[in-house]
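Use these hints to put chain X onto chain R, whose structure you have.
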Amino acid sequence: MTFEQVYEQNFEFVWRSLLRLGVPQHDLDDVTQEVFLVVHRRLQDFAARSKVTTWLFTICLRAAKDRRRRAHTRREIPDSDGLELVRDEGLDVQASLERRDDEWLFHQVLARMDWDQRAVFCLFELEGMNGQDIAEALEVPLGTVYSRLRLARVAFRRGVVLITAQRASAYLREEPA
Amino acid sequence: MREPRRLLESASELNVLERRLLRSASKIAPPAGAKRVIWLGIAGKVSVAAAGAGTATYSGLLLTVVKSAGVGVLLGAASIAGVQGLGALQAPAAKPNQANVRVAATAPAPPFTPAKVPSERVEPALASAPEHATTSKRTERAALASNAGSSFARTNAALPAAPASNSPSNENAEAASASLQREALALASARARLRAGDAAASLTQLNALERDFPRGLLVQERDALTIEALRATGQLPLARTRAAAFLARFPGSPHAESARRVLAE
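Chains R and X supply the protein sequences, listed in that same order. Count the first sequence with this note's numbering and you get residues 1 to 177, in order. Count the second sequence with this note's numbering and you get residues 178 to 442, in order.
So that you can see chain R by itself, here it is in the shape it has in the complex (with noise of 0.2 Å):
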């Protein structure tokens, strides 16, 4: 498999995976490009042992968690609203901002996983990836995934519940009676 293959099949993957494992919005290309740099270097030691997805995850936890390191040394700031997605969809503007509500709400939901459930919860959930897969990108044992994704679906479940009531107590507030 060549570089550009991987890139071409794969790169919508990456950039998925760094924006769930919290890589802020204004990161994600560079981000993104130190990841397919190191696939570049390591192409050749890919003995494809494993799945090339569960390669590159691997190799975006890495980069995600080196930026996290990044930010914390810098002390960065949060955005407390998390992650500004905007999809461009045309002309249906009220579906574009359903959906633009349910991606800003979804990642809200996200950032307050913890990190590894977080993980364990996008590949199993959202990419379809196998709970063996997922214990060989992460690392751990297959019986550590699966406690993962419980712990991670509870969170998934307080978390809506959470900011949809946050939102709604807002609106309250501002509502005139």
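The hints are simulated quantities; they were obtained by calculation from the structure and are not laboratory data. There could be a bad hint or two in this list.
Partial pick of chain R residues on the chain X-facing surface, computed with a CB cut under 7 Å [what the hints assert, rightly or not]:
(1) Asp29
(2) Arg112
(3) Leu126
(4) Gly131
(5) Leu162
Where is the CB? At the ideal position from N, CA and C, for every residue including glycine.
Chain X alone, transformed into the frame defined by chain R:
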């Protein structure tokens, strides 16, 4: 070990809002043009690295430099991004020249051979303009009204989403959801009081919350807020004790950092 079913594949495990959020998240895609821009950025960096720090000053003569250095690249997009300068990327207006110059491969990394700039999927994409932070009130209301899971936004009473059927498991899920919504509303109210400067009232409410929901799902949020309220009411030693307990129990929590800050005070 049996693989669990994915939430989106299971009809009864998600309420309407949860399902919608998961669906929207699974469709997320990069902004139009990102794939090409990043590709060119990579190409530029690989070219520069390959040209080596010892070569002459980097200039628009990259093609010549790289050729004479004998670097294994097929210079297409790579040369263009490289010539544009070190990291000064611009969104490519046109497909780069695919020409080009094949030279002997000497670099240890796999040859960087962008025969073409990878194609972009024509999909709805994320753009960079932030709008959520400034979402208008109307938009906010429309969004709240459209969220089936936020019925309490309109009624102030925690109502679960309509069940798909009346099976016992659905009823249990419904009861759990209603309980969670009550807990969340009480927590939101305690937070609002704290933000409004009434830390004592907030603390009273948080204590009640702890009593009413001893095994609540929002325990992390409740504890984090309690620590904050204790600190705001001048009970710093107690806040520290609670912060230490919080960290011991939830070391990976998103609230762990604020607990650590209280401990460090």
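Verification of the supplied hints:
1. Asp29: With Cβ-Cβ at 6 Å, under 7 Å, it holds.
2. Arg112: This hint holds: arginine 112/R lies near chain X, its Cβ roughly 5 Å from the closest one there, short of 7 Å.
3. Leu126: 5 Å, holds
4. Gly131: At 6 Å from the nearest chain X Cβ, glycine 131/R passes the 7 Å test, so the hint holds.
5. Leu162: 5 Å, holds
Of the hints listed earlier, there is not a single one the structure fails to meet.
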